[in-house]
Amino acid sequence: MNSAQIEIQLIASLVAIACAIPGTFLVLRKMAMISDAISHSILPGIVIGFFITHNLNAPLLIILATLTGIITVVLVEYIQKTGLVKEDTAIGLVFPALFSIGVIMIAKNANDIHLDVDAVLLGELAFAPFDRFSINGRDFGPKSLWIIGSILLGILILLFAFFKELKLSTFDKGLAASLGFSPAILHYGLMSVSSITTVGAFDAVGAILVVALMIAPAAAAYLITNDLKKMLLLATGFGVLSAISGYWLAHILDASIAGSITTMLGLLFLVVYLFAPNRGVIAVIYREKQQRTEVSLLTFLLHLKNHTEKNERHVNHLQEHINWQKVRAKNVLNLALKNNMIFIEHDIVSLTKKGNEFSSKAIDYIITNEDGQIEDMKDDFFLFRG
Amino acid sequence: MDIASYLSLLYNDYTLRTITLGTAILGSVTGMLGSFAVLRKQSLLGDAISHAALPGIAIAFLITGSKDSNILLLGALISGLIGTFWIRGIITKTHLKSDTALGLILSLFFGFGMLLLTFIQKQPNANQAGLEKYLFGQAATLVEADIWLMAGITGICLFVLFLFWKEFKMLLFDSDYTKTLGFNTKAIDILITTFIVLAIVLGLQTVGVVLMSAMLLAPAAAARQWTNSLGVMVFLAALFGAFSGVLGTAISAGYNNLSTGPVIVLVAAVIVVLSFVFSPNRGLLFKQIRLIKNRRDLQLHKTLAFMYRIAETHDNISHPHTIKILNNFQGYTRGTLQKLVEKNYVVLHGNMWSLTSEGFKRAQNLYNQQSDRNE
Chain B
231 MNSAQIEIQL
241 IASLVAIACA
251 IPGTFLVLRK
261 MAMISDAISH
271 SILPGIVIGF
281 FITHNLNAPL
291 LIILATLTGI
301 ITVVLVEYIQ
311 KTGLVKEDTA
321 IGLVFPALFS
331 IGVIMIAKNA
341 NDIHLDVDAV
351 LLGELAFAPF
361 DRFSINGRDF
371 GPKSLWIIGS
381 ILLGILILLF
391 AFFKELKLST
401 FDKGLAASLG
411 FSPAILHYGL
421 MSVSSITTVG
431 AFDAVGAILV
441 VALMIAPAAA
451 AYLITNDLKK
461 MLLLATGFGV
471 LSAISGYWLA
481 HILDASIAGS
491 ITTMLGLLFL
501 VVYLFAPNRG
511 VIAVIYREKQ
521 QRTEVSLLTF
531 LLHLKNHTEK
541 NERHVNHLQE
551 HINWQKVRAK
561 NVLNLALKNN
571 MIFIEHDIVS
581 LTKKGNEFSS
591 KAIDYIITNE
601 DGQIEDMKDD
611 FFLFRG
Chain A
1035 MDIASYLSLL
1045 YNDYTLRTIT
1055 LGTAILGSVT
1065 GMLGSFAVLR
1075 KQSLLGDAIS
1085 HAALPGIAIA
1095 FLITGSKDSN
1105 ILLLGALISG
1115 LIGTFWIRGI
1125 ITKTHLKSDT
1135 ALGLILSLFF
1145 GFGMLLLTFI
1155 QKQPNANQAG
1165 LEKYLFGQAA
1175 TLVEADIWLM
1185 AGITGICLFV
1195 LFLFWKEFKM
1205 LLFDSDYTKT
1215 LGFNTKAIDI
1225 LITTFIVLAI
1235 VLGLQTVGVV
1245 LMSAMLLAPA
1255 AAARQWTNSL
1265 GVMVFLAALF
1275 GAFSGVLGTA
1285 ISAGYNNLST
1295 GPVIVLVAAV
1305 IVVLSFVFSP
1315 NRGLLFKQIR
1325 LIKNRRDLQL
1335 HKTLAFMYRI
1345 AETHDNISHP
1355 HTIKILNNFQ
1365 GYTRGTLQKL
1375 VEKNYVVLHG
1385 NMWSLTSEGF
1395 KRAQNLYNQQ
1405 SDRNE
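Residue numbers (my numbering), protein chains in the order written: chain B, 231 to 616; chain A, 1035 to 1409.
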C-alpha cells in the first residue's frame, strides 16, 4: 500500500463515519429521502460558488451549497404546509427543479468552467490525494481529508453535546417540545448538518454515494438493534467496512471507487436484510410459518375441547371438518403429540390435562382481548415450537 | 426566433420533429401514469425506479454487447421492476419505513450501475461510448423507431387504462372496499406499478435517470390543483406533460448547449408553480382572497352585532344614534357601514344611523343560525 492508497481509504472512512451519524437520525425520523433531495439540489449552489471562487474546495462554495441544501428543506416544508400536495410529492418537485437549474447553468457556461455534472454526482475519490493542502510549501496531506475531518469533528462535538436532545426529539417529539427543546431548532440543526456533510463529501465521493452512505449503514444497523447508541456504532462500523472493502473492489475491477463502495454497501445491506436475527427476511418468514402452525394448533385444541362426541374427534374426520390440507393436519397433529397436548386412542383424539389447561388459558386471553399474552404462554407450555 | 419560423422549422427539420413528437408523447404518458403515482402517495417511487434502472442498462450491454436502445431499455425495465419489488419487500417484511426503502434502493442500485458503467468504460470495446446518455438523457439521440416504440406503449397503456379504469380508480381511493368486492387487488396493483415502471424506462433516453421523477410528478401535481375528478386529472396531466415536452424542446432548440431534459423539467416546474398559485379552488391566490373576504364578512357581522347591543337598550329599535359612538369600536370602518347600508340593515340620516327591522332581525339571529344567503 502506498501513501495515496492509505489516504484514499482514510478519506473514504471519514466520509462514511460523517455520513452514518446524521444518516441514523434521518432514518429514525423517516426523512431518509430528504438526504437524496439535498444531495441533488446543492448543485446550483456549487455552480454559483464555483463561478465565484473557481475552486471546488473553497469555503464560500461549501457555505453556498449548504445554504441551497437548507433552502431545499425550507421549500419542501413550505409546499407541504400549503396542503396542496403530500410531503413526498413536495420533495419530488423541489429537487429536480433545483438540479435542472444547476445543469442549465453549467451548460450555459460550459466554455468558461471546468465543472462536470458527472463529477458532482459521482465524484472521483482517486483524484483526492492530488489536491494537497500546504502552508509555506509544507505539505499537510490532501485537502479533502482536512475538510471532511473538520466536518466530522464538528458532527462529533454536536452529537456528544446534544445526544440527549436528539434522542428525545427523535422518539417523542411531543415530550421534547413540552420539556422546552425546540423541535424546529433540532430539526433545522440536523438538516444543516446533513447539508454540510453532503457538501463536504460530494467532492470526494459524489452526491449519490453520500445518500448511500447515509441511509444504507443506518438501515442495516436498524435491522439488527433497537438501541440508539448501538445503532450509531454499528452504522459507523458498517460504513467504514464497506468504504475500505469498496476501495479494494474498485482496485481489482479498475472501476469507480464511489460505485464500488456503494456496491459493497448494497451487498452488506442484502446480507443483513436476509439474515438479521429476528428482523431479517428469513427470520420473519420462519416466524410467520411457525405462528401459522401454532394458530392452527390452537384452533385444533379448541375444537377438541368443544366436542365430546367421539365422531367429531376421529382422526379421519378432523381433516375434513377443519378443512386443512393433509400435510398441515399431520404437522399440527404431530406438534400437539410432541408437546403432550393430546393423546390418541383407537383413532380418537383427546386432550391431555396439559392440553386442556393450555386451551382454557388461551381462550381466556382471547375473550379478554389480550392475544399478546398467548405468545408468553407458549413459552411456558411448548416443548417444541411449530 | 418567432413562432412562425419555428413551426416551419419543425415541419422541415427531421430531428426537431422527432424530438418534439417524442417529448410530447413521453410527457403525456408520464403525466397520465404519474397521476396514479401521486394519488397513491408513491411520488418518490419514480425517482427510485429511474435510478434502479441504471444497472439494468449496463448489464444488458455487458451481456449482449449491443447498443440497441430496445435491448438496453428491456434491461432497464427488468432491473427497475426488481428494484420496485425489493422496495415492497423491505416495507412489508421489515420495520424499515418506505422513505428508507426508497433511498436505499435508489442509491444502492445507482451506485452499482455506476460501478458497471465505469467497468464498461475500461473494457477494450469500441462500442461502449454513449451509455452515459442515460444518466442525463439526450433527446437528440431519439430516432423514428424510438417514437414508434413510445407511441405503441402509450397506446397499450391507454387501452389498459380504459379497460381497468373502474378497478384502478377503486383501488386508488378505497383499497379495502375493492378487496371485499372480490377484486384481486394485488394483481391490479402490480399492473399499475408495472406501467409506471414502463413509462419511467421509456423516458430514460430522453430526460435521463436523474430528472425522470419530475416528469412523472410535476404534470400530475399541477393537474391535481385544477380538479377533483380522476378522469379530468389524468387528462390534464397528460396535457401538461405534452405541453412541457413541446415547449421545453422548443426552448432548448433555440439555444446552444442547452440539454432538453432539464429545460422540460423547468417548464413543468413553472406549470406547477402557476397551478399552485392560480388554480381557482385550491390555489394560494384565491385562497388568500377568500380569507380576506371572510375576514371582511366577519367585521361586518361584528359591527352589526355591536349596533344590535346598542339598539337593544331602546324600545324603538330604529332609534337613531350618532356615528361617533361607533368610533371606539374596532370592527367599524366607513366601508363596513356603507356595506350595511347597501344590505338594507342600516339607514343613515346625516351623521346618525339607525337599524332597520331587517337589520335587527339579522343581528338577533347572527349566532343562532347559518346565513341562508351566501355572503
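Hints are computed from structural coordinates only; laboratory data are not their basis. Please read all numbers here as calculations on a predicted model, not as lab measurements. Possibly wrong hints are sitting among the right ones.
[What the hints assert, rightly or not] Subject to a maximum C-alpha distance of 20 Å in a straight line, what follows is the list of computed SDA-like cross-link-like pairs (lysine to any residue): (1) B/316 x A/1261; (2) B/311 x A/1325; (3) A/1131 x B/258; (4) A/1321 x B/515; (5) B/316 x A/1193; (6) A/1131 x B/507; (7) A/1131 x B/583; (8) B/311 x A/1307; (9) B/519 x B/609; (10) A/1358 x A/1369; (11) B/316 x A/1391; (12) A/1127 x B/505; (13) B/316 x A/1358; (14) B/583 x B/546; (15) B/311 x A/1320; (16) A/1127 x B/515; (17) B/397 x B/413; (18) A/1156 x B/504; (19) A/1127 x B/504; (20) A/1075 x A/1120; (21) B/311 x A/1073; (22) B/316 x A/1260; (23) B/260 x B/293; (24) B/311 x A/1336; (25) B/540 x B/608; (26) B/584 x B/574; (27) B/403 x B/393; (28) A/1336 x A/1391; (29) B/591 x B/558; (30) B/459 x B/475; (31) B/260 x B/404; (32) B/311 x A/1321; (33) A/1321 x B/258; (34) B/311 x A/1316.
[To be verified] What the simulated footprint calls covered on chain B by chain A, stretch by stretch (three residues with Cβ under 8 Å from a Cβ of chain A suffice, anywhere in the stretch; the number is not a length): (35) 272-283; (36) 384-390.
Where is the CB? At the ideal position from N, CA and C, for every residue including glycine.
Now the hints, each set against the structure:
| no. | hint | in the structure |
| --- | --- | --- |
| 1 | B/316 x A/1261 | holds, 16 Å |
| 2 | B/311 x A/1325 | holds, 16 Å |
| 3 | A/1131 x B/258 | holds, 9 Å |
| 4 | A/1321 x B/515 | violated, 50 Å |
| 5 | B/316 x A/1193 | violated, 29 Å |
| 6 | A/1131 x B/507 | holds, 19 Å |
| 7 | A/1131 x B/583 | violated, 45 Å |
| 8 | B/311 x A/1307 | holds, 15 Å |
| 9 | B/519 x B/609 | holds, 17 Å |
| 10 | A/1358 x A/1369 | holds, 15 Å |
| 11 | B/316 x A/1391 | violated, 50 Å |
| 12 | A/1127 x B/505 | holds, 12 Å |
| 13 | B/316 x A/1358 | violated, 51 Å |
| 14 | B/583 x B/546 | violated, 23 Å |
| 15 | B/311 x A/1320 | holds, 16 Å |
| 16 | A/1127 x B/515 | holds, 8 Å |
| 17 | B/397 x B/413 | holds, 12 Å |
| 18 | A/1156 x B/504 | violated, 33 Å |
| 19 | A/1127 x B/504 | holds, 10 Å |
| 20 | A/1075 x A/1120 | holds, 18 Å |
| 21 | B/311 x A/1073 | holds, 18 Å |
| 22 | B/316 x A/1260 | holds, 16 Å |
| 23 | B/260 x B/293 | violated, 26 Å |
| 24 | B/311 x A/1336 | violated, 30 Å |
| 25 | B/540 x B/608 | violated, 28 Å |
| 26 | B/584 x B/574 | holds, 14 Å |
| 27 | B/403 x B/393 | holds, 15 Å |
| 28 | A/1336 x A/1391 | holds, 18 Å |
| 29 | B/591 x B/558 | violated, 24 Å |
| 30 | B/459 x B/475 | violated, 24 Å |
| 31 | B/260 x B/404 | holds, 16 Å |
| 32 | B/311 x A/1321 | holds, 14 Å |
| 33 | A/1321 x B/258 | violated, 35 Å |
| 34 | B/311 x A/1316 | holds, 13 Å |
| 35 | 272-283 | violated (count 0) |
| 36 | 384-390 | violated (count 0) |
Checked against the numbered hints given earlier, this structure breaks hints 4, 5, 7, 11, 13, 14, 18, 23, 24, 25, 29, 30, 33, 35 and 36; the rest are met.
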